[in-house]
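Chemist: Sequence:
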Amino acid sequence: MLYHTKTPHDYVGDFQKAFAHAIATAINNDTNEILIKVHEQRNFDGILSDAIGRIARLLQNIGGIVKLNEVRVYSETERTESLFRSGIIVAAHVKEKCLSYILEDKRATDIIYVPLTQEEYEYYVSTYDSIEI
Numbered sequence: 001m002l003y004h005t006k007t008p009h010d011y012v013g014d015f016q017k018a019f020a021h022a023i024a025t026a027i028n029n030d031t032n033e034i035l036i037k038v039h040e041q042r043n044f045d046g047i048l049s050d051a052i053g054r055i056a057r058l059l060q061n062i063g064g065i066v067k068l069n070e071v072r073v074y075s076e077t078e079r080t081e082s083l084f085r086s087g088i089i090v091a092a093h094v095k096e097k098c099l100s101y102i103l104e105d106k107r108a109t110d111i112i113y114v115p116l117t118q119e120e121y122e123y124y125v126s127t128y129d130s131i132e133i
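Note that UniProt numbering gives residue 43 to position 43 of the sequence shown, counting from 1, and the numbers run on in steps of one.
Read the hints as simulated data drawn from the structure, not as lab findings.
C-beta atoms are modelled at their ideal positions from N, C-alpha and C, and glycine is treated no differently.
Errors might be hidden in some of the hints.
Computed spacing ranges between beta-carbons, pair by pair [to be verified]:
#	residue 1	residue 2	range
1	100	69	31 to 41 Å
2	105	67	20 to 30 Å
3	127	107	17 to 27 Å
4	12	130	15 to 25 Å
5	29	128	35 to 45 Å
6	28	83	19 to 29 Å
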């Protein structure tokens, strides 16, 4: 299933909404895994760090895995991979090329797209059949 957030200029709020939805979905579908996919590792600074705080710093510093109760959260960039096997992918502020790879990722049970700009949002909702969260 494809999901997206709506307000590209509420960067922190949008990512928090996407992350909360990812946790709930991972628990409900029993995958208990979330992958946060970003363009570069430094994307965990700034907006993502403001949104999920210590979790973002741990994802950046501990090889990309954090356990939140029964849910494991992984991180990947366009150039790195993780031990993520199957579950929810949160595509956070990724470029169109990276998004196209994410949409083809067989590990994804669900994908949540968090656009950075209004143009990215408009392109995504006009191109993909996605549910707003």
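Chemist: Tell me if the beta carbons of residue 127 and residue 107 are separated by a distance inside 17 to 27 Å.
Modeler: 22 Å, holds
Chemist: Holds or violated: the 19 to 29 Å window for the beta-carbon distance between residue 28 and residue 83?
Modeler: Between residue 28 and residue 83, where Cβ atoms are some 22 Å apart, the hint holds.
Chemist: Between residue 100 and residue 69, is the Cβ distance one that fits in 31 to 41 Å?
Modeler: For residue 69 against residue 100, whose Cβ atoms are near 33 Å apart, the range 31 to 41 Å holds.
Chemist: For the pair residue 29 and residue 128, does the Cβ-Cβ distance stay inside 35 to 45 Å?
Modeler: 20 Å, violated
Chemist: Take a look at whether the Cβ-Cβ distance between residue 12 and residue 130 falls inside 15 to 25 Å.
Modeler: With a Cβ separation near 21 Å, residue 12 and residue 130 satisfy 15 to 25 Å, so the hint holds.
Chemist: Between the beta carbons of residue 105 and residue 67, is the distance compatible with 20 to 30 Å?
Modeler: This hint holds: roughly 22 Å between Cβ atoms.
Hint compliance for this structure: hint 5 alone is broken.
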